[in-house]
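S.K.: Each chain, letter by letter, is given below.
There are 2 protein chains.
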Amino acid sequence: MSKKNKEFVEKITAMEDDFAQWYTDVVKQAELVEYGQVRGTMIIKPYGYAIWENIKNELDRMIKETGHSNVAFPLFIPESLLQKEADHVEGFAPEVAWVTHGGNEELVERIAVRPTSEVLFCDYYSKNIHSYRDLPKLYNQWANVVRWEKTTRPFLRSSEFHWQEGHTAHATDEDAKQETDRMLNVYADLVEHYLAIPVLRGRKTDKEKFAGAKYTLTIEALMHDGKALQSGTSHHFGTGFAEAFNITYLDENGKSQFVHQTSWGVSTRIMGALIMVHGDNRGLVVPPRIAPIQAMIVPIAQHKEGVLDKAYELRDQLKSLVRVDIDASDKMPGWKFNEYEMKGIPVRIEMGPKDIENKQVVLVRRDTGEKEFVALDDLQERLPALLEEVQQNLYDKALTHRNEMTREAKNMDEFKQAVEKGGFIKAMWCGDLACEEKIKEETTATSRCIPFEQEKIANSCVCCGKEAKEMVYWARAY
Amino acid sequence: MSKKNKEFVEKITAMEDDFAQWYTDVVKQAELVEYGQVRGTMIIKPYGYAIWENIKNELDRMIKETGHSNVAFPLFIPESLLQKEADHVEGFAPEVAWVTHGGNEELVERIAVRPTSEVLFCDYYSKNIHSYRDLPKLYNQWANVVRWEKTTRPFLRSSEFHWQEGHTAHATDEDAKQETDRMLNVYADLVEHYLAIPVLRGRKTDKEKFAGAKYTLTIEALMHDGKALQSGTSHHFGTGFAEAFNITYLDENGKSQFVHQTSWGVSTRIMGALIMVHGDNRGLVVPPRIAPIQAMIVPIAQHKEGVLDKAYELRDQLKSLVRVDIDASDKMPGWKFNEYEMKGIPVRIEMGPKDIENKQVVLVRRDTGEKEFVALDDLQERLPALLEEVQQNLYDKALTHRNEMTREAKNMDEFKQAVEKGGFIKAMWCGDLACEEKIKEETTATSRCIPFEQEKIANSCVCCGKEAKEMVYWARAY
Chain A
1 MSKKNKEFVE KITAMEDDFA QWYTDVVKQA ELVEYGQVRG TMIIKPYGYA IWENIKNELD
61 RMIKETGHSN VAFPLFIPES LLQKEADHVE GFAPEVAWVT HGGNEELVER IAVRPTSEVL
121 FCDYYSKNIH SYRDLPKLYN QWANVVRWEK TTRPFLRSSE FHWQEGHTAH ATDEDAKQET
181 DRMLNVYADL VEHYLAIPVL RGRKTDKEKF AGAKYTLTIE ALMHDGKALQ SGTSHHFGTG
241 FAEAFNITYL DENGKSQFVH QTSWGVSTRI MGALIMVHGD NRGLVVPPRI APIQAMIVPI
301 AQHKEGVLDK AYELRDQLKS LVRVDIDASD KMPGWKFNEY EMKGIPVRIE MGPKDIENKQ
361 VVLVRRDTGE KEFVALDDLQ ERLPALLEEV QQNLYDKALT HRNEMTREAK NMDEFKQAVE
421 KGGFIKAMWC GDLACEEKIK EETTATSRCI PFEQEKIANS CVCCGKEAKE MVYWARAY
Chain B
1 MSKKNKEFVE KITAMEDDFA QWYTDVVKQA ELVEYGQVRG TMIIKPYGYA IWENIKNELD
61 RMIKETGHSN VAFPLFIPES LLQKEADHVE GFAPEVAWVT HGGNEELVER IAVRPTSEVL
121 FCDYYSKNIH SYRDLPKLYN QWANVVRWEK TTRPFLRSSE FHWQEGHTAH ATDEDAKQET
181 DRMLNVYADL VEHYLAIPVL RGRKTDKEKF AGAKYTLTIE ALMHDGKALQ SGTSHHFGTG
241 FAEAFNITYL DENGKSQFVH QTSWGVSTRI MGALIMVHGD NRGLVVPPRI APIQAMIVPI
301 AQHKEGVLDK AYELRDQLKS LVRVDIDASD KMPGWKFNEY EMKGIPVRIE MGPKDIENKQ
361 VVLVRRDTGE KEFVALDDLQ ERLPALLEEV QQNLYDKALT HRNEMTREAK NMDEFKQAVE
421 KGGFIKAMWC GDLACEEKIK EETTATSRCI PFEQEKIANS CVCCGKEAKE MVYWARAY
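Chains as they are written, first to last, in the working numbering: chain A, 1 to 478; chain B, 1 to 478.
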């Protein structure tokens with residue numbers, strides 16, 4: 001179908017009817033992603049990539065401001081290197097894509113396409129760290145990684161995905177602990193202040209932690225359908241990898257010590273969160289701070305004399321203030337309204353002959369649909385302020401939704417009822433793996449995090465009734 | 001060896017003695033790159049990556065300003081897709097890394113790790129281009145690609161490298177031709193104005209063109225040792241790929257037409273050019289416009305009261321004007337001088353007790369070694385101006401070198417003598433592949449480009465003596 005004939009945007013499935021289909025429809029209709037030829041790979045299209053690039057730019061700035069340097073490590077890992085840390089290889093080997101031939105030659109040793117790069121950084125650190133003066137090492141890379149997943153979905157679980165992975169080495173356990181905390185807070189800042197998504201901060205249980213980590217910190221967000229999404233993780237490795245890779249340094253007294261390491265990552269999965277937290281039945285909703293286009297000018301009756309000139313003039317006036325674009329194509333305004341609502345552009349600016357006469361424009365918010373008439377003289381002040389209001393409202397709505405969808409459970413009956421309603425469940429836990437596994441088996445809910453902000457809901461474990469150690473957030477999750 | 005004891009930078013091989021070893025020494029001592037574990041892969045270290053990031057940021061801006069959108073296409077290509085265009089697969093198949101297993105399963109079809117992404121974009125365009133209204137498609141991606149090379153060297157030829165690859169589709173041959181020209185000019189602008197490297201612009205011979213292209217445009221630079229380096233290429237595909245992948249659109253008259261395509265790329269190879277054009281026996285020399293640190297403050301007698309305070313004050317005054325850093329470590333000034341000369345930092349700022357007393361600093365240029373005393377009051381004006389002088393001088397020096405190393409040859413004797421002296425050789429060519437191959441066989445020089453600026457040096461081909469068609473630049477090359 002040519003665009004000329006496509007006067008109306010194709011309808012998308014209502015999220016109440018089929019959330020998974022709604023998601024797929026939005027991803028497609030908002031032109032974010034298309035499937036690649038190899039199973040589970042994705043083509044990130046210009047609009048999807050522009051959003052990711054804005055997220056990336058903010059996060060990259062934060063990573064640099066906290067003292068880290070970008071590097072580029074290889075895509076390829078020799079099999080023997082991947083096997084050096086036992087827990088780690090066990091966690092990742094089943095989903096590795098293996099290169100066995102270079103050109104026409106069969107390789108002597110199989111090569112893993114990196115599923116994550118801990119072992120590469122460890123190998124490097126073992127050769128490049130000698131003295132306490134070489135510490136800390138604070139490296140980050142923006143990279144693609146591959147995990148051969150059984151079931152895949154755009155952004156949420158793709159066999160190749162894009163991310164940043166930080167890998168650091170420190171002189172003391174305390175330094176590594178502080179780094180793990182610091183980066184979790186950077187992630188929370190990014191997701192809350194730029195993506196307008198409130199997050200829970202906490203620690204993963206041992207069952208859910210990263211393969212090879214001492215502990216994993218996580219930020220967890222709640223999607224519109226009541227399922228949770230892990231949105232960023234920061235791992236404290238202790239000296240586990242350092243012992244496996246023999247990464248030592250001479251301290252100030254000339255004594256050999258193992259380094260203490262961390263790693264942390266945020267991936268294109270976060271795009272899935274963005275879609276599922278803010279989207280609605282008209283499509284995507286992009287928070288202004290990361291929107292590639294913050295305001296789209298749609299001229300009304302643009303064939304009338306002077307309308308297009310005025311619209312372009314307006315664009316030129318606004319472009320140093322906000323990311324603004326204009327659609328002067330010959331499509332009907334109604335088509336354009338649908339198109340930019342589908343793409344989640346935060347504000348639409350309508351301008352027709354009457355508006356020009358009255359020296360005003362109409363601003364239409366994507367998040368609430370509210371319209372307001374604004375005098376041209378006031379627009380340079382009003383538009384940026386409105387964008388901030390939209391940003392704040394998206395966050396507030398998401399927070400309200402999460403609060404409404406967070407329930408307490410004191411026993412398994414309450415737990416099971418809560419699971420059926422969706423959302424987070426706050427429940428006490430004895431700390432035993434057996435209870436965590438039983439809960440998962442009976443409800444398909446998993447432990448999301450042991451929050452830093454603990455509450456004492458009850459004295460006993462929601463599952464076994466024995467003495468509770470901690471409160472845990474549980475949920476069905478992506 | 002711990003840094004504490006490393007009071008003197010290790011010597012590097014003189015370029016006159018062994019240019020290849022000099023290159024390897026600079027790459028290592030300036031901390032640009034280290035080898036990865038898999039043959040021919042590289043770890044780009046913080047300083048190397050910071051230079052690449054600056055190049056990337058400038059080029060990305062230019063690519064966007066010329067109307068292109070960034071996207072991300074998959075790393076993986078099914079073997080059958082790679083085979084769709086005959087010339088293309090013939091050119092790349094011998095150096096493909098093949099994935100044969102996903103986790104524990106053997107794949108039904110082998111997967112290529114992309115050596116370049118033409119076929120992926122073609123497959124996408126065949127599904128996404130329908131009408132003339134969908135054209136042009138102007139896509140670019142920053143990506144890693146893999147070519148299983150026999151001999152590798154950091155930056156110059158690595159089995160994995162980083163680049164941007166633009167892939168565009170147009171309604172007419174003329175549009176595609178203009179795009180091919182436009183991007184070659186963007187590359188020339190980048191390399192000349194930011195990397196301070198003069199380039200020859202021209203067309204590749206059919207022998208040297210890209211596998212599957214109608215023609216290839218190139219920019220060619222001359223290294224310090226007299227060998228040439230291809231520094232960026234822009235390919236016009238005509239309708240070759242469109243026919244193989246059936247990429248058609250309906251024109252304004254409703255008639256089905258093949259699209260006309262281009263692709264163009266600049267890679268981390270350009271880092272090799274940077275090193276080999278500007279470097280000297282004291283190490284790397286980085287042009288100011290892409291230098292991560294443009295000026296390094298080295299306090300003199302920093303243990304004396306007030307010196308460090310003043311040095312930090314200076315840094316704070318300068319940091320909004322230039323990219324400035326300070327080395328306040330307890331290493332000796334002489335060690336620091338060597339270190340930052342090795343890293344090619346354009347200007348060193350020395351400041352000691354006497355300078356503070358005299359309200360001045362000493363500026364030392366990396367390119368010429370010249371020193372000048374500058375009053376603190378004049379520094380904010382002088383430093384940026386000096387950086388521009390350094391930038392210009394690097395370009396001028398490289399241009400003078402290239403001019404001195406460019407010779408004419410009217411017959412094979414002259415050609416052979418010229419080849420032994422190194423540099424570019426301007427010689428007439430009849431246009432026959434046989435002569436081009438003979439020249440390569442007898443001299444190891446290859447045709448670098450048929451320059452846009454033609455000169456008529458002689459009437460007959462330098463090789464066969466038959467009527468000459470064009471003047472060609474020849475050289476031994478990386």
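In short, the hints are calculated from the structure, not lab data.
One thing to keep in mind: the hints can contain errors.
The list makes no distinction among identical chains, and a pair is therefore deemed to hold if it is satisfied within one copy or across any two copies.
Below, a list of computed lysine to aspartate or glutamate pairs in the EDC-like style, where the Cα atoms sit at most 16 Å apart [said to hold, decoys possible]:
hint, residue 1, residue 2
1, Lys319, Asp25
2, Lys331, Glu414
3, Lys319, Glu357
4, Lys331, Asp134
5, Lys410, Glu305
6, Lys304, Glu381
7, Lys209, Asp377
8, Lys11, Glu388
9, Lys255, Asp413
10, Lys127, Glu31
11, Lys331, Asp87
12, Lys466, Asp206
13, Lys331, Glu420
14, Lys354, Asp325
15, Lys319, Glu65
16, Lys227, Glu420
17, Lys310, Asp325
18, Lys127, Glu34
19, Lys440, Glu16
20, Lys11, Glu90
21, Lys150, Glu106
22, Lys127, Asp225
23, Lys84, Glu313
Note that the coordinates shown come from a computational prediction; the quantities given were computed from them, not determined experimentally.
S.K.: Now tell me, hint by hint, if it's right for this structure.
M.R.: Here is what the structure says about each hint:
1. Proximity of Lys319 to Asp25 under the C-alpha cut-off of 16 Å is found in neither arrangement, the shortest distances being 31 Å within a copy and 48 Å between copies.
2. Taking the closest pair of Cα atoms, Lys331 and Glu414 never come within 16 Å of each other, the shortest separation being 54 Å inside a single copy and 65 Å across copies.
3. In this homomeric assembly, Lys319 and Glu357 never come within 16 Å of each other (Cα to Cα): the closest approach is 23 Å inside a single copy and 49 Å across copies.
4. Within a single copy, Lys331 and Asp134 get their C-alpha atoms only as close as 61 Å, which misses the 16 Å cut-off; across copies the closest is 14 Å, which meets it.
5. Proximity of Lys410 and Glu305 under a CA criterion of 16 Å is satisfied in neither setting, with 69 Å inside one chain copy and 66 Å between copies.
6. Proximity of Lys304 and Glu381 under a CA criterion of 16 Å is satisfied in neither setting, with 28 Å inside one chain copy and 53 Å between copies.
7. Taking the shortest Cα distances, Lys209 and Asp377 never come within 16 Å of each other, neither inside one copy (55 Å) nor across copies (57 Å).
8. For a Cα distance limit of 16 Å, the shortest separation of Lys11 from Glu388 qualifies neither inside one copy, at 29 Å, nor across copies, at 57 Å.
9. Taking the shortest Cα distances, Lys255 and Asp413 never come within 16 Å of each other, neither inside one copy (56 Å) nor across copies (67 Å).
10. Proximity of Lys127 and Glu31 under a CA criterion of 16 Å is satisfied inter-copy only: 14 Å between copies versus 45 Å inside one chain copy.
11. For a Cα distance limit of 16 Å, the shortest separation of Lys331 from Asp87 qualifies neither inside one copy, at 57 Å, nor across copies, at 42 Å.
12. In the homo-oligomer, the alpha carbons of Lys466 and Asp206 never lie at most 16 Å apart, since the shortest distance is 19 Å inside one protomer and 79 Å across protomers.
13. Within a single copy, Lys331 and Glu420 get their C-alpha atoms no closer than 45 Å, and across copies no closer than 65 Å, so neither meets the 16 Å cut-off.
14. When the C-alpha separation of Lys354 and Asp325 is checked against a cutoff of 16 Å, the pair qualifies neither within a copy, at 21 Å, nor between copies, at 57 Å.
15. For a Cα distance limit of 16 Å, the shortest separation of Lys319 from Glu65 across copies, 15 Å, qualifies, whereas the shortest one inside one copy, 27 Å, does not.
16. Taking CA atoms no more than 16 Å apart as the test, Lys227 paired with Glu420 passes inside one copy only; the shortest distance there is 11 Å, against 71 Å between copies.
17. Taking identical chains as interchangeable, the C-alpha atoms of Lys310 and Asp325 lie at most 16 Å apart only when both belong to the same chain, with a minimum of 14 Å there against 48 Å between chains.
18. Taking the closest pair of Cα atoms, Lys127 and Glu34 come within 16 Å of each other only across two copies (11 Å); inside a single copy the shortest separation is 42 Å, beyond that limit.
19. In this assembly of identical chains, the alpha carbons of Lys440 and Glu16 never lie at most 16 Å apart, being 25 Å within a copy and 69 Å across copies at closest.
20. For the identical chains of this complex, Lys11 and Glu90 are neighbours neither inside a copy (45 Å) nor across copies (45 Å), given an alpha-carbon limit of 16 Å.
21. Only between protomers do Lys150 and Glu106 lie at most 16 Å apart by alpha-carbon distance; the minimum there is 14 Å, versus 27 Å within a single protomer.
22. In this assembly of identical chains, Lys127 and Asp225 lie within 16 Å of each other by CA distance neither inside one copy nor across copies; the values are 48 Å within and 32 Å between.
23. Within a single copy, Lys84 and Glu313 get their C-alpha atoms no closer than 63 Å, and across copies no closer than 48 Å, so neither meets the 16 Å cut-off.
Violation of the numbered hints given earlier is confined to hints 1, 2, 3, 5, 6, 7, 8, 9, 11, 12, 13, 14, 19, 20, 22, 23; the remaining hints are satisfied by the structure.
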